[in-house]
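Take a look at the letters that make up each chain.
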Amino acid sequence: MLTNNRPLSPHLQVYKLPLTGILSITHRFTGILLSAGLVFFVYILYALADGSNTYAAMQSFTSSLWVKLLYWGFIYALFFHLCHGIRHLIWDAGKTFDRDTLNRYAIIELGASLVLTLITVIILSK
Amino acid sequence: MEFRTPLARARGLGSAKVGTTHWWMQRVTSGALIPLTFWIIIFLDLSLNAPYQETLEWLTSPFNTVCLVAWIIAGFYHAALGLQVVIEDYIAAEGPKIIAVWTVNLGFLLLALIALIAVFRTLLIG
Numbered sequence: 001m002l003t004n005n006r007p008l009s010p011h012l013q014v015y016k017l018p019l020t021g022i023l024s025i026t027h028r029f030t031g032i033l034l035s036a037g038l039v040f041f042v043y044i045l046y047a048l049a050d051g052s053n054t055y056a057a058m059q060s061f062t063s064s065l066w067v068k069l070l071y072w073g074f075i076y077a078l079f080f081h082l083c084h085g086i087r088h089l090i091w092d093a094g095k096t097f098d099r100d101t102l103n104r105y106a107i108i109e110l111g112a113s114l115v116l117t118l119i120t121v122i123i124l125s126k
Numbered sequence: 001m002e003f004r005t006p007l008a009r010a011r012g013l014g015s016a017k018v019g020t021t022h023w024w025m026q027r028v029t030s031g032a033l034i035p036l037t038f039w040i041i042i043f044l045d046l047s048l049n050a051p052y053q054e055t056l057e058w059l060t061s062p063f064n065t066v067c068l069v070a071w072i073i074a075g076f077y078h079a080a081l082g083l084q085v086v087i088e089d090y091i092a093a094e095g096p097k098i099i100a101v102w103t104v105n106l107g108f109l110l111l112a113l114i115a116l117i118a119v120f121r122t123l124l125i126g
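Chains as they are written, first to last, in our numbering: chain D, 1 to 126; chain E, 1 to 126.
Treat the hints as calculated values from the structure; they're not laboratory data.
Some hints here could point you the wrong way.
Mimicking SDA-like on lysine to any residue, the simulated pairs with C-alpha atoms at most 25 Å apart in a straight line are [to be verified]:
hint, chain 1, residue 1, chain 2, residue 2
1, D, LYS16, E, ASP89
2, D, LYS68, E, ILE42
3, E, LYS97, E, VAL86
With the hints as extra help, turn the sequences into a complete structure.
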């Protein structure tokens, strides 16, 4: 890849990412995971359209602990991506760019995504 | 000898192209997806836990059908737009980049079509 010996700026690994940076890359990472989850969503819809037998087979597959864990991971990723996405929309409006506000909103965002996931767990598992 | 002005070169190969539409549609779909999150979570919960008839009745209720179809259109579009940015950031070579972007775009178009047709087939059952 490297075609000349021009000096490079220090690469990403030498920096300690601040919380805002960690959230930023997590937003991208959850976006990729959610996109991958869409394949599974299509499988669920296919099972539903194919009739009660395929639906039952799908449910016996999804009742395993691993799939349940993936499912709740998907829900958390969804809420994280939602909360950070809302912050992107606020940034697009040109607001909340000073450092203190960035850090405060970072905490709020993390808290909100956890609380939303917990509320969903509580409502859905009753 | 390069006779073209910098502006002419920028017009042909610059970064601009159709970036505004991409950026704008990413925001528009994200706005649509905020309220629609509610329906996708209900749908996933029903599909993984509820009996066939219950999920069928939920999906065939007109308002739920509209919201799920809207989520599919906005969600798959949003995913393809997002993954395109990720690809463009990490794949530098022009050829592989174009192939990857179009594979993702066409792949998600196909997935969205499968999802939509599955919904319509489910409506015929219910």
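Quick rundown of the hints versus the structure:
1. LYS16(D) <-> ASP89(E): 21 Å, holds
2. LYS68(D) <-> ILE42(E): 15 Å, holds
3. LYS97(E) <-> VAL86(E): Given pair LYS97(E), VAL86(E) holds - Cα atoms ~10 Å apart, limit 25 Å.
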